[in-house]
Amino acid sequence: MQVYLPIAEMSVDALLLLGIGFGVGWLSGLFGVGGGFLLTPLLILIGIPSPVAVASGANQTLGASVSGLIAQWRRDNVDLRMGLVLLAGGFVGSALGVQLFAALRRAGQVDIAVSFFYVVVLGTVGMLMVRESVRAIIRRRRTGVAASRAGEHTWLHGLPFKMRFRKSRLYISIVPPLLVGFLIGILSAVMGVGGGFMLVPAMIYLLGMPTSVVIGTSLFQVVFVSANVTLLQAWQVGSVDIVLTMLLLAGGVAGAQFGAAMGSKLRGEETRALLGLLVLGVALGLAWDLIRAPENLFSIGPAR
Amino acid sequence: MRWLALLVALLAALPARAQQPATTPLLTADLSTNQVEITTGFTGASVIVFGATENLIGPQTGEDVVVVAWGPPQATVVRRKVNFLGFWVNGPAATFPDIPGFYAIAATRPVWEALPEEVRRSGRLGLEALPLRAVGAQAPAFRAALLELKQQDGRWQEYAAPVTVAGGRLFSARVSFPDTVQTGDYRVEVLLLRERRIVARQELFLRVDRVGSAATIATVARSAPLLYGVGCIVLAALAGWLGSILFRRG
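So the sequences go chain by chain: A and B. Numbered according to the working numbering, the first sequence spans residues 1 to 304. Numbered according to the working numbering, the second sequence spans residues 1 to 250.
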């Protein structure tokens, strides 16, 4: 069944979009991340123009994360104060990111820049995740207990502007969370992702937050930053396709519930290792596309 | 099926016409529709150009019919990828500021056989007769790439569909618009050729428009982008929330 996307100005098979939404939703439910990092490259792969894929991906991430946020909020797993600090950085970052995106689009480099961002970010994060989780698995096998890293002191604790985050049981400078939020805001705008797959490890390892509040707080940041990206992309680039978003969401929300049911049966370290491998796989696939000689050296597009 | 009815009417009129050649036109043509609507289920559309000629068409009489369809102008940029530190990035670009977004030509005989070059050039008949002036990179490869890629995605067509002739005088041709067709005013030119000259021509017009929800969405997104953005946020959030209730397991 073909459906016409009014902003992308093309028609796409609706079942294909529902299927992609379901698959990505299933994986995101399984791993507890938004799945935007899989969605945007897949959309570009089936021929959706990069600006529309990025903007609608952010819009979809928003929808997909809302129900998770509500559930976490009800269970009192959101550190609101930390969330607001992250968000402050995230708003500035995403506003800047959309400007960067618009500039790249004017320069005609948007497709390559998006791929490049994906390769660098996913490659780095994937590698770190795999390495960390493999280490954790080995350590657990050796000692029989999962290591705890809370309470360790690093150079981050020497920074000024300290604030008490009661729910996270932290007394740290607001500079690191502001920076983390800012960087993820930029990536969110350029890559059309929520950034949960980076935010979660950053919160655990960089900020030292307890795992119980990490998912809820990252969802808080993801929902509001992706809302901001949606708004700015619609306003300044004009590339949010609501028909595309809704089709992806319809599949995605169903898939996420199935994935979540399955995910609760997996162990933390194994899940992280699998997610890391998946992230690395996407990065390698995109890197290959950037490196190999293109079939056609030329491409056409509307002039702006 | 307006065009079928007209064809039948034309067929019936043919013998009558032959008896009074002084008053009958050399060429009459019309379109099956003068409006192409882009709905939510739009996958492309085709319009039939049909008509009749006074004399027989074909190699015996040397008369040929040419159908040309033009879309609104659409500035297009052609980019060439270059290898930069091992990565393929967009390098030099050529912008073609004034070329038709859609162009299709169909004929009973290719125009390069039927018309001299200067006539093809002035009438812009055939893809190689289109003036493709570029701003920026000037290498001929950009022009070639433009021709190739535009034909690949179906927005420029050269003899992609035939002009079929029935009974020696009735002709019809199908102009197919891809799903990526732009909205706007389209012009269809029907030409009658004889002895390497254009002896008669008729211009027809049609409009491509978005209708229904596709039109509403595109209009709101363009005219009130901020409102549209807020709408997208609210809709996505509602859909996510509703979906999680509908599909909740356990």
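Please note that a few of the clues may not be correct.
What follows is a set of in silico ranges between Cβ atoms, one per label pair, in the way DEER data are often shown [to be verified]: (1) B:Pro59 / A:Gln109: 32 to 38 Å; (2) B:Leu85 / A:Leu80: 43 to 49 Å; (3) A:Tyr205 / B:Gly136: 31 to 37 Å; (4) B:Leu56 / A:Gly19: 18 to 24 Å; (5) A:Asn296 / B:Gly167: 40 to 46 Å; (6) A:Asn296 / B:Pro59: 34 to 40 Å; (7) A:Trp288 / B:Glu148: 21 to 27 Å; (8) A:Met262 / B:Glu148: 44 to 50 Å; (9) B:Glu148 / A:Gly19: 28 to 34 Å; (10) B:Asn34 / A:Trp73: 53 to 59 Å; (11) B:Thr39 / A:Arg139: 47 to 53 Å; (12) B:Leu56 / A:Gln109: 54 to 60 Å.
Note that these hints are calculated values from the structure, not bench results. Remember, it's a predicted structure, so these values are computed and weren't measured experimentally. Heads up, the beta-carbon is just placed ideally off N, CA and C, and yes, glycines get one too.
Outcome of the hint check:
no., hint, verdict
1, B:Pro59 / A:Gln109: 32 to 38 Å, "53 Å, violated"
2, B:Leu85 / A:Leu80: 43 to 49 Å, "45 Å, holds"
3, A:Tyr205 / B:Gly136: 31 to 37 Å, "48 Å, violated"
4, B:Leu56 / A:Gly19: 18 to 24 Å, "55 Å, violated"
5, A:Asn296 / B:Gly167: 40 to 46 Å, "45 Å, holds"
6, A:Asn296 / B:Pro59: 34 to 40 Å, "39 Å, holds"
7, A:Trp288 / B:Glu148: 21 to 27 Å, "25 Å, holds"
8, A:Met262 / B:Glu148: 44 to 50 Å, "47 Å, holds"
9, B:Glu148 / A:Gly19: 28 to 34 Å, "32 Å, holds"
10, B:Asn34 / A:Trp73: 53 to 59 Å, "56 Å, holds"
11, B:Thr39 / A:Arg139: 47 to 53 Å, "60 Å, violated"
12, B:Leu56 / A:Gln109: 54 to 60 Å, "57 Å, holds"
Checked against the numbered hints given earlier, the structure breaks hints 1, 3, 4, 11 and satisfies all the rest.
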